[in-house]
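Using the hints, position chain E against chain B.
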Amino acid sequence: MTAVAPLALPALPAAFQQSNVDYLAILPLLIVFGTALVGVLVEAFAAREKRHAIQVGLAVVGLLAAAASLILAAKHQGVTMGLTDGSTNRQLFALAIDGPALFMQGAILLMGVLGVLTMAERFGGVGPDAFTPSGASTPGSPTESAAVRAGALTSEVFPLTMFAIFGMMLFPTTNDLIGMFVALEVLSLPLYILSGLARRRRLLSQEASLKYFLLGAFSSAFFLFGTALLYGYAGSVYFGDLSKAIASGPLAMNGLLLPGAFLVFVGLLFKVGAVPFHAWTPDVYQGAPTPVTGFMAACTKAAAFGAILRLAYVGLDTGRWEWTNALVIVALLTMVVGAVLSVTQTDMKRLLAYSSIAHAGFILVGVLAFDRKAVGAVLFYLVAYGFSTIAAFAIISLVRQNGAEATHLSQWAGLGRRYPVVAGAFAFLMLAFAGIPLTSGFVSKFAVFSAAVGTGGATGTVLAVVGVVCSAITVFVYARVIVLMFFSEAPDDGVEVVTPSVSTTFSISIGTLVTLALGVLPSALLDLADRASQFVR
Amino acid sequence: MTTMSSVPWLTIVGLIPLVGALLVAFVPGTAENAKRMALGFSLVTLVVGIVAATQFDRASSAQFQLGEQHSWIPQFGVSYALGVDGIALVLILMALVLTPVCLLAAWHDVPVEAGPRGAQRAKTYFALLLVLETFMVGVFAATDVFLFYVFFEAMLIPVYFLIGRFGGPRRQYAAMKFLLFSLAGGLIMLVAVIALYLQGPGGADGFLISRLTGLSLDPTTERLLFFGFFFAFAVKAPMVPFHTWLPDAATESSPATATLLVGVLDKVGTFGMIRFCLQLFPEASQWATPLVVALAVLSVIYGALLAIGQTDMMRLVSYTSVSHFGFIVLGIFAFTSVGHSGSTLYMVNHGFSTAALFLFAAMLVRRRGSKRIPDFGGWQRITPALAGIFLVAGLSGLALPGLASFVSEFLVLVGSFSTQPVAAVIATSGIILAALYILLMYKKIATGPRPEGLVGAREYDRLDDSGRRGLTVVRDLTTREKLVAAPLLAAFLVLGFVPNLALDVINPAVDKTLSFVQEAIPNLNPAGTVAEGSSK
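Residue numbers (our numbering), protein chains in the order written: chain B, 71 to 607; chain E, 38 to 573.
Think of the hints as simulated: they come from the structure by calculation, not from any bench. Be a bit skeptical, because a hint or two may be false.
To be verified - A short list of chain B residues far from chain E (calculated; beta carbon distances all over 12 angstroms):
{"id": "1", "residue": "R118"}
{"id": "2", "residue": "G194"}
{"id": "3", "residue": "L259"}
{"id": "4", "residue": "G325"}
{"id": "5", "residue": "G537"}
{"id": "6", "residue": "V553"}
What the hints assert, rightly or not - For each label pair, taking beta carbons as the anchor points, the in silico distance ranges come out as:
{"id": "7", "chain 1": "E", "residue 1": "L59", "chain 2": "B", "residue 2": "E559", "range": "22 to 30 angstroms"}
{"id": "8", "chain 1": "B", "residue 1": "V539", "chain 2": "E", "residue 2": "S253", "range": "26 to 34 angstroms"}
{"id": "9", "chain 1": "E", "residue 1": "S466", "chain 2": "B", "residue 2": "V532", "range": "54 to 62 angstroms"}
{"id": "10", "chain 1": "B", "residue 1": "G127", "chain 2": "E", "residue 2": "P238", "range": "48 to 56 angstroms"}
{"id": "11", "chain 1": "B", "residue 1": "P346", "chain 2": "E", "residue 2": "T250", "range": "43 to 51 angstroms"}
{"id": "12", "chain 1": "E", "residue 1": "D255", "chain 2": "B", "residue 2": "V532", "range": "48 to 56 angstroms"}
Said to hold, decoys possible - If we take Cβ atoms under 10 angstroms as the criterion, some of the chain B residues that face chain E in the derived model are:
{"id": "13", "residue": "L501"}
{"id": "14", "residue": "S541"}
{"id": "15", "residue": "L596"}
The beta carbon of each residue, even a glycine, is placed where N, CA and C say it ideally should be.
Isolated chain B, as found in the complex (with noise of 0.2 angstroms):
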């Protein structure tokens, strides 16, 4: 009872002191913040024939500078920033600058680049085209129209993408409750209002942003009850005090201990779209304007699952027995559902969201194999999803009938033969999503049942089969949009390709490039996850 006082009062600050920041090794993340705030200024003082091209290139241009900058941050790792009383080491606020955040950020980054280039699709319009030039108005109405006319553009998607970029580099780095709480909202907030600006049936659209935006503060909200019943228990919110405290702590107080890290697991499974708290994905996914979608697919979960390492190898791990056995039955159900509620889709968006659903649960393999390897593992198939995805939700967003988006899955009949190349791309990342050998999508899955039949005990192997066999219902799904493409004749209902400017076809031949490097050559990417998975405490 003795070792720790959990309900002593909270550690404040006695004093007001001075942090210690090493700028360098936050430097990405001050680049890319400061990139979001010119961003707002261009918002208000450019002109709007030349706000596209301006925000566009300061997107691309403050992103690659901040994944430079990445080299001078990784030689000053540990944790900074921290706000201390002077009298114990305790950091409140604190960065942790490690392997699995330098990784992540840079992972959020270069994919957040592809997903810049192809919210910037224009098509010969004079604005971003998945985006409505006037979000504000009603659907249909007056306003609306007149905002076309008047040739309004909604170029500040790209500060709010910069936005939610610094919020999700943010996410995984830092170093407690409240921060990790922080992060949420940041990279949360500018998501709610970039799904509602979809500028074709602009309804469904505002009915996702609406979705996502309540279940999103639910689930803000458990987080928020978790920590404080965790700061109950352990009277810190930072990660090392909380290990500590569940190492030494008393059996009674688990009462705290248990519901605590439940809420909190329950705010940051939300994010990675995980069955129970699933239910916005397909809806979201569906009503999001496409190239949103594909950013969100990637850097979110990325980000997200960023989190879930650090509070589980770090924050929680020492109560790991405690609470392991709901995260494994969330993963099972997550591998489950997904796979089969795939199968059964019509909307080649809500069907990747289900994908996207079962291979959260596929990463959660990975992450209940509790070992060094395993966290290189997830790092490695957060990478080679984040690129996938993207490719194929900007490939989506080119197949069109009458200028829509012909997102149901009839209308990609016959798609193969009259567009080999887009479909041929297409088809590959379907291979890749289904782990295919020669694609990354079999090595990252190879990665993290391999680390889960090598050290998650039974428990691991189970999962590992478990994800196997869902793998192989998923197979069925991505196969029969290949049959769809390739096999099947094609209505003559105008569906067509339409030729996308240099910065889509750009990013989806990176991303179609690294899903085959990542297939072919991983070794390198493995190497550098492997060496990152060494989180600071």
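Showing chain E alone in chain B's frame:
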């Protein structure tokens, strides 16, 4: 273990068709040129393959030779390691011979469509067949379990497209069924592959077969791993009750695809049983023998009975394969060197005889415009040469002495009689059933009254103008078809009369595999090696 080679022969043999496939698919030009190019590449591959085979030291064919080894994914313990022993060598050579034969047979499978991109479909078809050849070489040559798995799974994709894009009316169903059956087996095997590595010594080359052989595994683990691998191979082979995908896939796909699928790809199943099940899990293999042998005998009889009942020519041929694969598995799990040699030789012979049956049947089907056996009749008189070679192919299928299959079937039965007498006796009745299904089919197709309105060229010449009215002339074998038939018939005769050509290479490798089993199970005593002259 593996004799390294200074020239990466196996990589070269594997790469030539892949380069050819890319050129065939993407170089602009007429379909005819693309086909010639594809055939040229497959012939070059065959020549290079034969040159590589001359570098193979027959005296030590038990060893893996022509080896190559490079670290591929050291984090997983995966190497890019190739090498062939006698068993793999003969199977690769069979694949290299069958590919050009199939390409030639597939010449008119895909018509050139109108329009600027009309040739693309035919080009894609030939390119996919060449891609398949690359994977066939890779899967037999891999000496790393992971690499084998990669080829094993990746191979499905070109076949899936070949069936789904270039097949018959129910091709979508057949392609999906094929893919799902194979992947279900493959993914279960994946778990076993992962678990096997963890049981092994690990490290950056921990997936090499040589490092995973002779592990002392816990019996339960070994049995689970055995079933993980065996399930995938049993689906692939295909054995009853996992065979139902084969008749659909073989009937709905083009004849060339069906030939490569049944003739070569399915051999990966039986090859895998020898290379992986027996070598890596000898005790579990011994333990599972009663079940496996029962399934094998069931396949022999059940496949033959179903074949007798078929009215679709292609379906009939695929069911005969189910029966033949039963024989091969029986020989493998007899644990005698005679049985093993017989099974390996059987794999080669079956490749040629199935190819002949599928391709010659396809020639008949093309002329008649129907796959249904009752639609035929009297074809001896219409196309005597085609009916003749079809009979020879059938006789090879029913293991007539003097033709290749006889030797292997005989060896399998002799080899299994010493350890599995009951199974061998039951399986022998499969030979009688084989005579039934082949001869009944031949009778219905080639003898009896010919269909209304069809007439052979020679008979047509004899008729006067009034007699010719309303008759359609059916051509006998064209030059291209003769070129397709010649190598297959030659293979029957050569392997029928001089089986030692292949057996000399196979036997030491077989003995080596059995020595792994013997090490694990000392009381097992495989009967002596193949008796001299048993082929005559």
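Results for each hint:
1. R118: 43 angstroms, holds
2. G194: Given a closest Cβ separation of 26 angstroms, the condition holds.
3. L259: 38 angstroms, holds
4. G325: The claim holds: G325(B) sits with its nearest Cβ about 39 angstroms from chain E, beyond 12 angstroms.
5. G537: The assertion about G537(B) is violated, with a minimum of 9 angstroms to chain E.
6. V553: V553(B) is in fact no farther than 12 angstroms from some Cβ atom of chain E, at 5 angstroms.
7. L59(E) to E559(B): 22 to 30 angstroms: 28 angstroms, holds
8. V539(B) to S253(E): 26 to 34 angstroms: For V539(B) and S253(E) the Cβ distance comes to about 30 angstroms; the hint holds.
9. S466(E) to V532(B): 54 to 62 angstroms: 44 angstroms, violated
10. G127(B) to P238(E): 48 to 56 angstroms: At roughly 54 angstroms between Cβ atoms, P238(E) and G127(B) fall inside 48 to 56 angstroms, so the hint holds.
11. P346(B) to T250(E): 43 to 51 angstroms: About 46 angstroms separates the Cβ atoms of P346(B) and T250(E), which means 43 to 51 angstroms holds.
12. D255(E) to V532(B): 48 to 56 angstroms: 18 angstroms, violated
13. L501: The hint holds - L501(B) has a Cβ within 10 angstroms of chain E, the shortest such distance being about 7 angstroms.
14. S541: With a minimum Cβ separation of about 6 angstroms from chain E (threshold 10 angstroms), the hint on S541(B) holds.
15. L596: Where the cut-off is 10 angstroms and the nearest Cβ of chain E is about 4 angstroms from L596(B), the hint holds.
When held up to the earlier numbered hints, the structure conflicts with 5, 6, 9 and 12 and fits the remainder.
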